[in-house]
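Given these sequences and hints, build the entire structure.
This is what each chain is made of:
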Amino acid sequence: MKALVAVKRVVDYNVKVRVKADGSDVDIDNVKMSMNPFDEVAVEEAVRLKEAGKISEIVAVSLGGKKSEETLRTALAMGADRAVHVETDAKLEPLAVAKLLKAVADKEAPQLLLLGKQAIDDDANQTAQMLAALLGAAQGTFACKVALENSEVLVTREVDGGEETLALKLPAVISADLRLNEPRFVKLPNIMAAKKKPLEKTTPADLGVDISPKTNVVKVAEPKPRQAGIKVGSVAELVEKLKNEAKVI
Amino acid sequence: MSVLIIAEHNNQQLNPATLHAVTAAAKLGEVHILVAGSNAAAIAESARQINGVTKVLLADAPYYGEALAEEITPLVVKLAGDYRYIGATATAFGKNLLPRIAALLDAPQISDLTEVVDNKTFIRPIYAGNAFETVQSDAPKLVLTFRATSFDAAENGGNAQIQTVEAAPAQNLSRFVKRELTQSDRPELTQAKVVVAGGRALGSAEQFNALLMPLADIFGAAIGASRAAVDAEYAPNDAQVGQTGKVVAPQLYFAIGISGAIQHTAGMQDSKVIVAINKDPDAPIFSVSDYGIVGDLFDIVPQLTTALKS
Chain A
1 MKALVAVKRV VDYNVKVRVK ADGSDVDIDN VKMSMNPFDE VAVEEAVRLK EAGKISEIVA
61 VSLGGKKSEE TLRTALAMGA DRAVHVETDA KLEPLAVAKL LKAVADKEAP QLLLLGKQAI
121 DDDANQTAQM LAALLGAAQG TFACKVALEN SEVLVTREVD GGEETLALKL PAVISADLRL
181 NEPRFVKLPN IMAAKKKPLE KTTPADLGVD ISPKTNVVKV AEPKPRQAGI KVGSVAELVE
241 KLKNEAKVI
Chain B
1001 MSVLIIAEHN NQQLNPATLH AVTAAAKLGE VHILVAGSNA AAIAESARQI NGVTKVLLAD
1061 APYYGEALAE EITPLVVKLA GDYRYIGATA TAFGKNLLPR IAALLDAPQI SDLTEVVDNK
1121 TFIRPIYAGN AFETVQSDAP KLVLTFRATS FDAAENGGNA QIQTVEAAPA QNLSRFVKRE
1181 LTQSDRPELT QAKVVVAGGR ALGSAEQFNA LLMPLADIFG AAIGASRAAV DAEYAPNDAQ
1241 VGQTGKVVAP QLYFAIGISG AIQHTAGMQD SKVIVAINKD PDAPIFSVSD YGIVGDLFDI
1301 VPQLTTALKS
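Protein chains in written order, with my numbering: chain A, 1 to 249; chain B, 1001 to 1310.
Don't take every hint at face value.
Said to hold, decoys possible - Below, simulated DSBU-like cross-link-like pairs (lysine-lysine); rule was C-alpha separation at most 30 angstroms, straight line:
| id | chain 1 | residue 1 | chain 2 | residue 2 |
| --- | --- | --- | --- | --- |
| 1 | A | Lys219 | B | Lys1272 |
| 2 | A | Lys91 | B | Lys1141 |
| 3 | B | Lys1309 | A | Lys231 |
| 4 | B | Lys1272 | A | Lys241 |
| 5 | A | Lys54 | A | Lys201 |
| 6 | B | Lys1178 | A | Lys50 |
| 7 | A | Lys66 | A | Lys16 |
| 8 | A | Lys32 | A | Lys241 |
Just so you know, these hints were derived from the structure itself, not from any lab.
Below, the structure written as structure tokens:
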């Protein structure tokens, strides 16, 4: 059984981004970029399923500019077998990403499609659900446990009050929550080996997908800063402030 | 233009989260609510009493009982013709369902939005709340999820009509197996007026509970946690506050032994008053807290609990 894993190159999660002075976007020139943390979890899960003999091949897919290739090489070093890079410099909305991934999935015919639950840049949390919809497939979002059993996949999901488990028909789309697993560190020999693994290039035009945007970002702004607070010297002072100044108790 | 809001419920009770979406949607037009459920007449009855709702659509079928996105989506797509906007609150339910609907309508979705500027302009946080983008769309249909803490809950006082609608055919792509919910007498985290949250510095689940529960009991507060505390199993997963957990905005938020990483503050920085207790004077939490105490939480929290009790 084949698995497809989608990975995104984003600003590293430790970077505190700044908004550009003209308010057009956040400034990501010369900041550290990494694989989206949720996608790392998705790749790790696919590799574990392969190591357990449940799936036979892992295809990693990324969409974006030339440097997305680095993100794909990371996925290959973690254990993906080959990669597909849909190269485009266009800013992609989740719906366009889902359409591109569907086009790749139509060619590859995977039984399991793994994605992160959200990208830490746009925080949209949409792509996996949209991809499942376009494929007419079942979805297991916010997964914290995945078990493949014959023609079904059991997915335990993080929901607001706790957890729930669903059984999905294959093919199915799964979006990974952080608690699904702990991604492995990539070792140097694996990075070297990953350079030799196949990486196929394609474009949205090759795939016949219209990626023209349906929304338009008119402004990006810093959040309203919180009023700087004070440090108090004692518990008594804190209680007094909460009572008489903040009036919340 | 009217708005279709999808009700979140468990067939017995309407989730109060839905009330926030009604307030947000009322800025866009006439608000209708869809109740898809199994034996969910009671939910429709609750929904019709919400102020600002003019019609309730009730679709009852056994396969709507577990709120599976695969089942509810075809129903919403079938009903979508009359609506420019389809919306829900950005809870786990809304986040799971709405993008599936958007894709089949070929409509863009604007997620977790915090402000409705006008009928095509919305504001939403990006990069863990470190920036806010203003998004416009002229698309004929828009799918929206609303951040609950940014809109007040709609109150009761309405008297909408209930219209029964035919269920869409069952899809049978997925099957509900089981649900394990955290048992708690405390208020729901996202609705609580006071939140007492702990981090890794609590050291163990026993100490987490022994220190935080008595403080929380004073206010009838909900318990929150940082990701580190959840990973260390001091608190259940659904107590996590932050970019990947829940977004809360209570009147009073206690951050106890929490350093204040951006992924955490993304979920609580709209709280009215933030109190931080941390032994590290340089912890980033002090840059968002209104009142901070530098010191050992094992001394300070019991003192604070005693002082507040008296």
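- Query: Checked against the structure, which of the hints given earlier come out wrong?
  - Reply: Violated hint: only 8; rest satisfied.
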